[in-house]
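Protein chains: 2
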Amino acid sequence: MKLLNVDTSDKVRKKIDESFTDSYDRWEQIPIGQSLGRIAFEDVLSPIELPQFSRSVVDGYAVLSRDTYGAGESMPVFLDVSGHVEMGKAAEGKVSAGEAIYVPTGAMIPEGADAVVMIEYVENLDESTVAVYTPVAPGQGIIQKGDDVELDSKVLSKGEKIKSRDIGVLSALGIEYIKVFKKLRLSVISTGDEIVDSFGEVQYGQIRDINTHLISAMAEESGAEISLKLLVPDDFSKLREAIGQALKMSDIVVLSGGSSVGAKDMTAKAIESIEGGQVFVHGVAVKPGKPTIIGRAGGKALFGLPGHPSSAMVIYKVFVDHLIRKYYYMSEDTVYIQASCGENIHSAPGKETYQPVELIERDGEYEAAPIYGKSAAITTVARSMGYIRISENKEGVKKGEKVRVALF
Amino acid sequence: MKLLNVDTSDKVRKKIDESFTDSYDRWEQIPIGQSLGRIAFEDVLSPIELPQFSRSVVDGYAVLSRDTYGAGESMPVFLDVSGHVEMGKAAEGKVSAGEAIYVPTGAMIPEGADAVVMIEYVENLDESTVAVYTPVAPGQGIIQKGDDVELDSKVLSKGEKIKSRDIGVLSALGIEYIKVFKKLRLSVISTGDEIVDSFGEVQYGQIRDINTHLISAMAEESGAEISLKLLVPDDFSKLREAIGQALKMSDIVVLSGGSSVGAKDMTAKAIESIEGGQVFVHGVAVKPGKPTIIGRAGGKALFGLPGHPSSAMVIYKVFVDHLIRKYYYMSEDTVYIQASCGENIHSAPGKETYQPVELIERDGEYEAAPIYGKSAAITTVARSMGYIRISENKEGVKKGEKVRVALF
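Respectively, the protein sequence lines represent chains A and B.
With UniProt numbering applied, the first sequence corresponds to residues 1 to 408, in that order.
With UniProt numbering applied, the second sequence corresponds to residues 1 to 408, in that order.
Only chain A is shown next, with the shape it has when bound in the complex (with noise of 0.2 angstroms):
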């Protein structure tokens, strides 16, 4: 006989990160401009500095700061215009004492000059001469060389997902290509013999298959990209075959069938029959998910997930997902949604629960509402917007207690 060992979520968090050490290292190089949601492969540094030269911030005069010091509303100071800076062109001349050259917002600050008198405190008195009429500082008007981003600088990590203002910050500083992580291959195996092909005939007492597309779905969501989706019924060999199929074609195999312990026992027995295949997690103290498996063989990962789309989700959410941001050195940081608990939610001490909720907003502020459902219906999974976790210490959380809500 034997024993199940039931871990908690974190416990079994730590087996995964233990059991998955190799490092996931295939990465592609593709332009920016099609880099949008992909993760980092390797931190970005500032190839150059930013700006790449003094650049005025204001419509003024480049002058030497020591050349206004004194003037005022009453008492300006003369200055002769030397020339002016052109957009897009290279500074030409040199501001030397008592000189100025005008100089347009984002113009180069032409050599010898410290600083920009705004336009609105001078006076054109002829081509050749300005009065200004208010002292500046050293640096005023300027943004430096060097001020926005230094060489060297790291401006994207490794393991971050790129985003839209990621492209704009890597197209100011010219880089045209950049590392990202290959997408990690995941298949998707729905077993059970009621489970029939979504799109074919249904018989009385069959099922259309929903994991291999709700879960297909959320790899795609996780950066993965899916290698194989297969419907395989309750047969041991039929499983076992499928399984190594799956194994050829991808890094992590994501199972889903019934939630029995004999439906599980098969899975656990078919992963554990493929060559170097071990089963190391069997049972989680969760609700919903308590008889999810986890596997490995060759490296690679093995999830075998409950049947109900709604558990199935949120076990994918909280081991499938979290192997994924570990592959691809994600933090852990999600945005959460801060909520009030709509109404008092039970959950059994000892025993971890992850609600889903939906969100309702409601003067500006968000309330979480528990979704319950017969299980396995599907409006259950349409309305849940994401979940809340419920420690194994509490008891339930009460109506109207704070929550954060992890999105699905």
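Fair warning: there could be bad hints in the mix.
Just so you know, same-sequence chains aren't split out, so a pair can sit in one copy or run between any two.
Stated by the list, open to error - Straight-line Cα separation of at most 20 angstroms, SDA-like style, residue types lysine to any residue; simulated pairs: (1) Lys-402 x Glu-367; (2) Lys-402 x Glu-361; (3) Lys-161 x Leu-407; (4) Lys-161 x Phe-408; (5) Lys-179 x Glu-361; (6) Lys-229 x Gly-174; (7) Lys-89 x Ile-360.
Just so you know, the hints here were simulated from the structure itself, not pulled from any lab data.
Assemble chain B onto chain A, guided by the hints.
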């Protein structure tokens, strides 16, 4: 002399809504497996009811509930076992008074039965007789045909962005293809004598183009596709030609360039010089982005955004993204992050302020830290995770005040 009519942002959005009244009705039909993140073109009604047959939600015996009335721990009811239902098969046979048929979880309920007694409350006396130790009410242990999803009930609304769980629902209903909006085509034109291709040679005085890459990536996030990216110097005829070319290939043209009134005037004049071209917003009472202009030509939209990337980002979100959402029939519901303001923010009364912020997590709560920086700095773009809106009637936000952060 031309008076600048400066509108509030609400008024500008209203003008956008009134100016682009033709509905955007280009669609394509795609497999649901490719529909993640796309926008539903029409309401999707369920073509079936779910479950399609009444199913057991427990392992047990299908019975006539009235046969069990009066049963108890010490007074079982004895029933004849007349068969069993296999998973994935139609239930054969019929349950008559005094009979029971075995059903596993998820299997079809046989005719005649109106409840299922859990196996835990039953004792098998011999192959053909069971003792039932508990009464069951009609419907107990059963998810009835149509209980989960009714025929013709709406499972997806026009304008909804398709999420992984929607794909789960569609597959449960056997829906293989879905009509989605064809992506809006958007062109981006960066203007400025000093702006050069991001990946080419840069001379003193020149600045790498940021906005075509930044705005293109943001437009991709909005669900548009980029038909053209152009760089144009501050030259009327070249700008006019570029606008004409962009209009031919796209639904929306986004220009960005110098924030000076002069540069904006050139953009406005170029738009008005196009056949049917008209500028209906010339300046907005917002900070940043006052010189924003909005026009139309032949039913197509043209936006002139500020040249500074951080200002362009804000104005893109506030107006361009607004139009894209309107075209796609998307709701205005954004998921906001609740945060407390990290420091006092001053704003000019009479002018709406969109203040970029960074989100910092402290003890499970978010703090919104305003991002300042010399104009044109790219590091301010890199750090801006979202923005808060300060209405024109407020004088600012106090440190510790609750704010809603819209994410970039």
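Hint check:
1. Taking identical chains as interchangeable, the C-alpha atoms of Lys-402 and Glu-367 lie at most 20 angstroms apart whether they share a chain (9 angstroms) or sit on different chains (16 angstroms).
2. For the identical chains of this complex, Lys-402 and Glu-361 are neighbours both inside a copy (14 angstroms) and across copies (16 angstroms), given an alpha-carbon limit of 20 angstroms.
3. Taking the shortest alpha-carbon separations for Lys-161 and Leu-407, both the intra-copy value of 17 angstroms and the inter-copy value of 15 angstroms come in at or below 20 angstroms.
4. In this assembly of identical chains, the alpha carbons of Lys-161 and Phe-408 lie at most 20 angstroms apart whether taken from the same copy (17 angstroms) or from different copies (14 angstroms).
5. Within a single copy, Lys-179 and Glu-361 get their C-alpha atoms no closer than 40 angstroms, and across copies no closer than 29 angstroms, so neither meets the 20 angstroms cut-off.
6. Taking CA atoms no more than 20 angstroms apart as the test, Lys-229 paired with Gly-174 passes between copies only; the shortest distance there is 16 angstroms, against 41 angstroms inside one copy.
7. Taking CA atoms no more than 20 angstroms apart as the test, Lys-89 paired with Ile-360 passes in neither setting, with 55 angstroms inside one copy and 41 angstroms between copies.
Hints 5 and 7, counting from the list given before, are not met by this structure.
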